[in-house]
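Residue numbers (numbering that gives the first Met the number 0), protein chains in the order written: chain A, 0 to 71; chain B, 0 to 495.
Hint data in this document are derived by calculation from the structure and do not stem from the laboratory. Treat each hint with caution, since some may be false.
What the hints assert, rightly or not - Below, simulated EDC-like cross-link-like pairs (lysine to aspartate or glutamate); rule was C-alpha separation at most 20 Å, straight line:
hint	chain 1	residue 1	chain 2	residue 2
1	B	LYS226	A	ASP56
2	B	LYS219	A	GLU25
3	B	LYS98	B	GLU30
Unchecked claim - Label pairs and their calculated CB-CB ranges:
hint	chain 1	residue 1	chain 2	residue 2	range
4	B	PRO414	A	ASP56	23 to 31 Å
5	A	PHE20	B	GLY38	45 to 53 Å
6	A	PHE2	B	LYS480	35 to 43 Å
7	A	PHE20	B	PHE195	42 to 50 Å
8	B	LEU128	A	ASP56	35 to 43 Å
9	B	ASP221	A	VAL28	38 to 46 Å
10	B	PHE447	A	LEU29	53 to 61 Å
11	A	ALA36	B	ASP314	44 to 52 Å
Said to hold, decoys possible - According to the in silico footprint, chain A covers these stretches of chain B (three or more CB under 8 Å from chain A):
hint	segment
12	72-82
13	123-137
14	210-218
15	259-268
16	439-448
A virtual CB, placed ideally from N, CA and C, is assigned to each residue, including glycine.
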Amino acid sequence: MRFAPWFAVAPALAILGGVAFVNRVEPLVLGMPLVLAWIVGWVAIGAGAMAVLYARDPANASDATKRDRGER
Amino acid sequence: MNAALVVIAAAAAMTLALGLAGRSGQDMSFEQWAIAGRGFGGLMTFMLMAGETYTAFTFLDASGWAYGRGAPAYCLLASGAIACMFSYWLLPPIWRYAKQQRLISQPHFFSRKYASPGLGGLVALVGALALFPSIVLQLKGLGVIVSVATGGALGAGPAIWIGAATASVYVIVSGARGVAWNAAVKDCLIFAVVAFLGLYLPARYYGGLGDMFRAIDVAKPDFLAFKPSGSSVLWFQSTVTLTALGFFMWPQAFSAAFAARDARAFRRNAALLPLYQLIVLFAFFCGFAAIQQVPGLAGPEIDQALLRLSLKTFDPWFVGVIGAAGALTALTPAAFLILCVTTLLANDVLRGLYPDVAERKVALFARSLTPAIALFAVYFALWGGRTIAALLLMGYSFVTQLFPATACSLMRKNPMTKQGAAAGIVVGVAAVAYVTLTHSTFVSLMPFLPAQAADVNVGFAALILNALAAAVVSLATRAAKRAAPAPPRGAARPAR
């Protein structure tokens with residue numbers, strides 16, 4: 000998985016960098032101040048991205064279990 | 000007798016029973032006791048890791064920060080979630096190495112990776128220095144929760160004594176297994192309680208989340224977003240990054256990871272843990288709801304915001320349920336932390352001093368140390384003064400200093416030597432102590448920087464000095480070794 004790290008790097012950068020641009024209370028999103036909603040949204044997107052990565056990463060296939068158990 | 004007290008007493012009894020039952024037919028070798036014989040599947044690993052990262056802190060401080068500080072609280076949510084996503088790549092190699100080398104504890108990892116028991120001892124010391132105040136904090140939190148929830152029917156002092164006794168009994172008997180069962184129950188309970196409160200309280204007092212935030216924004220402009228200076232966006236970015244780096248550097252995070260049965264558990268958790276982090280969001284809602292309902296809490300009292308509002312809102316028996324959930328979130332991590340400190344001292348300090356000591360004796364030593372550590376923590380929780388508060392502030396920054404050496408040790412060819420790692424950690428820890436005690440900022444340390452730089456979390460200064468010291472000493476020791484006639488193999492390069 001060559002692009003695997005981006006699944007985590009992109010949401011992390013979005014949270015850290017994006018806050019500078021959405022540092023406002025209004026408009027409320029889902030009842031939350033914009034800046035808080037931005038963080039919450041990217042946490043959820045990040046979790047989804049990691050779930051996709053988990054499903055697609057060959058390291059998690061059942062025949063990789065042996066290596067996963069620390070047996071060589 | 001108070002209804003809340005009855006519920007909390009029942010919860011304490013259940014904790015003890017679950018903790019004792021966790022042993023269930025296992026022969027308790029040291030490996031079994033300390034890390035459950037590396038036998039936990041995905042769900043148990045999740046519970047143990049989630050349980051140890053979300054503690055009384057989640058319950059009290061997250062709501063307290065929202066109540067007293069506003070926007071800065073958001074960084075609690077962001078840093079945990081980011082750290083959990085990156086654990087996809089961090090934890091599997093650590094676990095795999097631990098499995099191959101049959102490691103028990105975090106210092107063990109360092110002493111094997113860098114082929115240096117001395118470095119292991121140093122890491123054990125740093126870990127104990129950071130862990131001990133956390134145990135004290137959990138016990139103090141327990142005291143606050145029980146005394147507030149029962150309206151003073153059971154004081155903080157007796158609650159702390161009972162809690163510490165309960166935790167040490169089941170840690171001695173069942174070790175990590177006892178903790179894991181309690182973590183599972185506690186996680187379900189706390190999630191249900193905090194999610195309910197986080198949705199119910201804003202609806203009841205303001206008519207809804209949006210109305211609540213609008214009311215707060217009118218009363219306290221600037222409270223819900225980051226300020227132009229001080230707790231600014233720059234502060235948020237640097238603090239979140241620094242906290243994320245330190246998130247898995249705690250000794251108990253390594254212990255929880257070692258207890259897993261396979262590495263896949265961590266990759267799955269990398270998707271689940273960030274979602275679980277959203278529990279902090281509900282705690283924020285409780286804290287925000289309390290702002291206009293129980294105004295006037297200041298200083299350390301802000302941590303009581305959630306409980307005070309619950310007292311005002313609900314019948315005593317339901318306050319008891321909230322208090323019981325809170326008490327478990329304090330007690331379970333306290334038990335696991337006690338387990339970690341005793342493992343550290345027995346496995347890394349005792350074995351470091353007497354390498355030939357029998358495993359049976361290490362186990363016995365660890366178990367007999369348990370009540371002593373608990374007593375010590377009770378003493379500081381009840382009578383500890385300034386020192387413990389200062390240590391607590393530094394604990395997180397202390398363990399963050401282990402990050403460079405950990406990251407380098409996972410590279411295929413470790414660029415860091417054992418001397419470099421030790422120098423980096425010592426310099427980093429000293430720098431943390433200095434900047435914390437003198438209240439330095441980047442601008443006071445380096446006056447030539449622009450005033451904005453004062454908002455950058457000063458913890459980065461320690462981490463940069465740490466990395467510099469490690470690099471310089473590593474280069475020097477490498478050069479010295481190349482100059483020496485017959486270089487001893489394996490000292491600089493860890494055994495793979």
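Of the hints stated earlier, which fail here?
1, 7, 9, 10, 11, 13, 16
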